[in-house]
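Enquirer: So the chains spell out like this:
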Amino acid sequence: MFVTKKAISRRTVLRGMGATVALPLLDAMIPALAPAAATTPVRRFGVVYHPNGVIYDQWLPKAAGANFELSPTLKGLEPFKNQLIVITGLFSDQAEANGDGGGDHSRACGSYLTGVHVKKSDSNVENAVSMDQIAAKAFERETQLSSLQITADENSLLGSCDLGYSCAYSSTLSWLTPTLPLMAENNPRVLFERMFGSSDSTDPRVRASRLQQDRSLLDSVSERVNQLQRQLGSADNRKMSDYLASLRDVERRIQKAEEQSSKELPEVAQPAGIPADFDSHVRLLYDLQLLAYQADLTRVITFMYGREQTARPYPQIGIPEPHHPLTHHQQNPEKMDKCAKIQRYHIALFAQYLEKLRNTPDGDGSLLDHLIIQFGSGISNSDRHTHGPLPTFLVGGGAGTLKGGRHLVYPEHTPLTNLQLTLLNKLGVPSEKLGDSTGQFRELSEV
Amino acid sequence: MTRLSRCLSWCACFAFCAVALGFQANPPTPARELVSTYCVSCHNQRVKTAGLALDAADADHVANSAETWEKVIVKLRSRAMPPAGVRRPDNATYDRVASWLESEIDRAAAAHVNPGRTASLHRLNRAEYANSIRDLLAVEVDPQAMLPPDEQAFGFENNAEALSIQPALLDRYVTAAAAVARRAVGDPNLPPAFVRYGALKGSANDQNYLRQTERLGEDFPLGSKGGVAARHYFPIDGEYAFKIRLQRTWDIQIKGLNVPTQFEIRVDGKRVAQFTLGGEKSPLKTFIYDADDVLEARAPVKAGSHEVVATMLKSDDVLPEGPGPDRLSLYSRNADNANSPIAIAALLVGGPYRAQAPLDSPSRKLLFVCHPPNAAEELACATKILSTLARRAYRRSATDDDVQTLLAFYQRARATGTFDEGIRAAVERVLVSPDFLFRIQADPPGATPGSVYRISDVELASRLSFFLWSSVPDDALLDVAIRGKLHEPAVLEQQVARLLADPRARSSLIQNFFEDWFETRNVWLLNPDSTRFPWFDDNLRSAFVTEMELFLDAQLKEDRGVIDLLTSNETFLNEQLARHYGISGLYGSHFRRVKLADENRFGLLGKAGVLAVTSYTTRTSPTIRGKWLLENILAAPMPAPPANVPSLESSNKENKPLSVREMLEMHRASPACAGCHARMDPLGLSLENFDAIGQWRATDAGHPIDASGVLLDGTKVDGPSQLRQALLAQKTQFAKAVTEKLLTYALGRGLEYYDAPAVRAIDRSAEANDYRWSSIVLGVVKSAPFQMRTARP
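Chains as they are written, first to last, in our numbering: chain A, 1 to 447; chain C, 1001 to 1793.
Treat the hints as calculated values from the structure; they're not laboratory data. Given the structure is predicted, the values throughout are model-derived calculations rather than measurements. Don't take every hint at face value.
The list that follows gives simulated cross-link-like pairs (lysine-lysine, DSS-like), each with its CA atoms no further than 30 Å apart [stated by the list, open to error]: (1) C:K1731 / C:K1071; (2) A:K335 / A:K75; (3) A:K81 / A:K62; (4) C:K1731 / C:K1557; (5) C:K1048 / A:K119; (6) A:K119 / A:K137; (7) C:K1557 / A:K119; (8) A:K341 / C:K1656; (9) C:K1731 / A:K119; (10) C:K1656 / A:K335.
Which bits of chain C does chain A cover? Going by a derived footprint, with three or more residues having C-beta under 8 Å, they are [unchecked claim]: (11) 1115–1127; (12) 1135–1149; (13) 1769–1783.
Note that the Cβ used here is the ideal one computed from N, Cα and C, for glycine as well.
The task is simple: from the sequences and hints, build the whole structure.
Expert: As structure tokens, this is what we get:
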């Protein structure tokens, strides 16, 4: 229901908001946006996280190299095979207990993009800056939002997180600083407002005056926060510096939005909230990701189908049992089949997104040509909490930096961070080390 | 558990040295006597089991090693150490030494108060934010939809350390401020927007199993079935649209259109729309997919908060509420086809349309403390409005700086807009101010580093209101604080009593304190295995929640003693929950107070919500229940489990299914597991008669339930009722658990060893009042950590 206002009256749009909240809405909008002028292709990066590990033999493709055969789980990616690189042999050794006891789910997710062994703590979290945030920092001058964190899980940190570990570790992949996890958003409406502002209007004048008000609010608040910092002294330095850093980030977003206020934005109606069913929810969240890339509102997105240990049931595909207990299948074939079915389902929804990315023109190609998306999980065998070989693939052309259509097999215990370090460099963010990385891959662009 | 076995082997040779250690010129203190005899063979500087070296602790002046001795006190009081199998003191010795340690430490603490240090910046969490907006501006917002989730630490979501500040959050604050200010002032140009209310409260997902063949509760009219009841905030006088969305099957067909159904929508009990749908063959093929498009109506509504209900009428041929042959179908979770009973998925409220210029909404009454009669008096009136709001929102006297800042926003917007628009811009500034969004605590100017000081009356007022209301102080509280009277004991007591008597205290304590403490908030996330528990539907889920809410509300309202949480023979049930508990003779969906006959159901330990959140999806977990009891009832939390804990085998070598007790026994056979499980499992096993969703059962996997066990103090228990008796024998431990949790929540920080004397002082004074809630709350408010703070070192 992203529609041009020219075509459909406001009343219809508003009626539509009520009636069609459950539908993924982007299709109608795509042709309405003129493709951006062809320039140097923009590099963009996404992560898609599948929680609770996989049934690995359903995941692993047959044969290595260019003549590999897609596995049952990955079958749904057949149409994108020429832009697909499946990577086998990667491990997240930092997610092992290393003396910290239970908590594999938290560590799997916590170290997924950082490659460090996270601190076991309920309240004083400590990790490292995550790989997506290193990229986001490098791109932040270009776009309004340096990155987006999105989840299809509940917008609440209730429920079981690993004992002794803050729920933050298992609920987000993105760490702005070693002590600041970025919480993922699940509400399409909130995401929409972050992307397009909350002026309830697409009228440029209304938007401009809203931005001006936002800017004066933040200027004034910054002044007060500086005053407070003097008053409170060095106490609680961390909170204060988080506060100031956040203010600067939002200020930058507003400034960027002002600069780009003449840019053509889709005239869109807001989604009403969280759609009723998981299927539509995920599709809408993917649509919003596409829109964010397409309108160049951000170049870095992390998306989670759910947090680690999510107990989501999937009745729509005939699985009323909750996911996490199911993944502790103890080799029960029936349970393993159901886990594999969930894997295929996630891939199927993802493939729909890829299809749209491929059909969305971007510069001299499509969004998919220019994107790099890393898909995977920080747990391999869900039943036993192993942290390798991790199910991992890349999809997208990476603006010519990736050569798809291959299954690359590395020796066991090759750090997952080697891949991410390589990707940072492919994205034009020169980096030499990430967490426990030991080197880069040459093979992503070569045959 | 190599450490334990190694330690045990050390025992013999250290026994000798231990005696030597106890030999001093002065007669040995009870502490020295005890640890030399029972403890130092493992907890010494060489072996350092669990990082504890008791031979290095000062046993003559125990306050010098208070951090160590407090750990010892916990182990003594809970009888957790020495481990089973080695020589242990008798119960009298345990208590005598613990009491001696406590009184020594308390005496020293009284002479040198250490209140600890709460954070300087304490962000409001989203519940507090929403409550504050409600109390400041009479605007109701849905915090779940408006703000990102809050991190939890030490069991609660108001921990200052854990509440982070990040760009997405500030972004949301700016957005929320604009939305709230616009609604508070009332803007006739407010573009219409829809809010969606799912049929299942507390759940955004409406793929639910909420049976809608009966009246769903007190919020619904008599003779109705199913539907949605919601409190909706109408920002301005105007017309509003109401839409009903029906439930669909997995393949998105609307359920139950084969039978004609009457729908109605009510606002504050008054019917605003009626429809009939279904029953006849539709001319259109798409009918099965979009029939509910017609369930839309508009009606004028006054600004403010109103109760909106969308429901269906029970048809005449159905029996009225009352006894009948199995009216509750057992397998409602299987009903997923087009002929399943019709059900409302959601109510959407949208608007305003044809909004009228606002005159007198509840928000405007609060905000506009004056109305400028002419342009000349506008500035004076704006000043008055904004300084009044700033005082309430910042919870202190508004400074000149505050008011000037706000007036600048007012004036800039007034230059191009109306008076109202000027106020609106300034309200936005208030709502993004750190002075509103954070509780700010600064050391007094010139405070000696590390010194202890009493917090100001205004800071005390905020602590009090956020503790009891999860919201800002009201004018009455703020007034006495600003006048510098609040710290006076009589004034403070009177204010505490007043705040506690307000219904806001009960609802916020239930939602933010009790539901986190008991973990019953997780009832919303329960996912019992549908093959084992097909009758667990969302009506039952909601009933678990309602029972807890009503039970706790009554406890607080009637100012019961906290022990009553364990012993109360009263609860609140409707027909479905009563059946779940095996109680007959209750009919209908409404809840009523019930006297329980079965002692096993008394108190918290008989509540399905508690029993279910401490179970797995497929089976009970005595270990989780035991751990829950140790932590929440016995004030003796368990350490984290060791690495690589093997999961339980559900069948034995001959592939014969095992009962949960048998599985645990296999697990406990491993020495690495035995130490902790010996503490947790007997507690949990005595609740084995309650299955994973809290139903009574006599067998498990074909075996009769064996709910017997021996607790650490040697007490034999068999079944829930005896467990409760055993816990009652340790009721001071329960009181301690209550006080520790309440103090943690009240302070918004984790407790440290130096807080233990304050906890004991609170309990001593509350004991004289039978541990009534009012006396524990007052004790917390009067305690040193609540009233004082240590300056930055």
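Enquirer: The structure should be examined with respect to each hint, and the outcome stated for every one.
Expert: Here's how the hints hold up against the structure:
1. C:K1731 / C:K1071: The given pair, whose Cα atoms are some 20 Å apart, holds under the 30 Å limit.
2. A:K335 / A:K75: holds, 20 Å
3. A:K81 / A:K62: With a Cα-Cα distance of about 14 Å, the restraint between A:K81 and A:K62 holds, given a limit of 30 Å.
4. C:K1731 / C:K1557: Given pair C:K1731, C:K1557 holds - Cα atoms ~22 Å apart, limit 30 Å.
5. C:K1048 / A:K119: Between C:K1048 and A:K119 the Cα gap is close to 23 Å, so the pair holds against 30 Å.
6. A:K119 / A:K137: Holds - the C-alpha atoms of A:K137 and A:K119 are around 24 Å apart, at most 30 Å.
7. C:K1557 / A:K119: violated, 43 Å
8. A:K341 / C:K1656: Within the cut-off at roughly 29 Å; holds.
9. C:K1731 / A:K119: Cα-Cα ~36 Å, so violated.
10. C:K1656 / A:K335: holds, 19 Å
11. 1115–1127: Per the Cβ count (3), the hint holds.
12. 1135–1149: Per the Cβ count (5), the hint holds.
13. 1769–1783: violated (count 0)
Violated hints, in rising order: 7, 9 and 13; the structure is consistent with all others.
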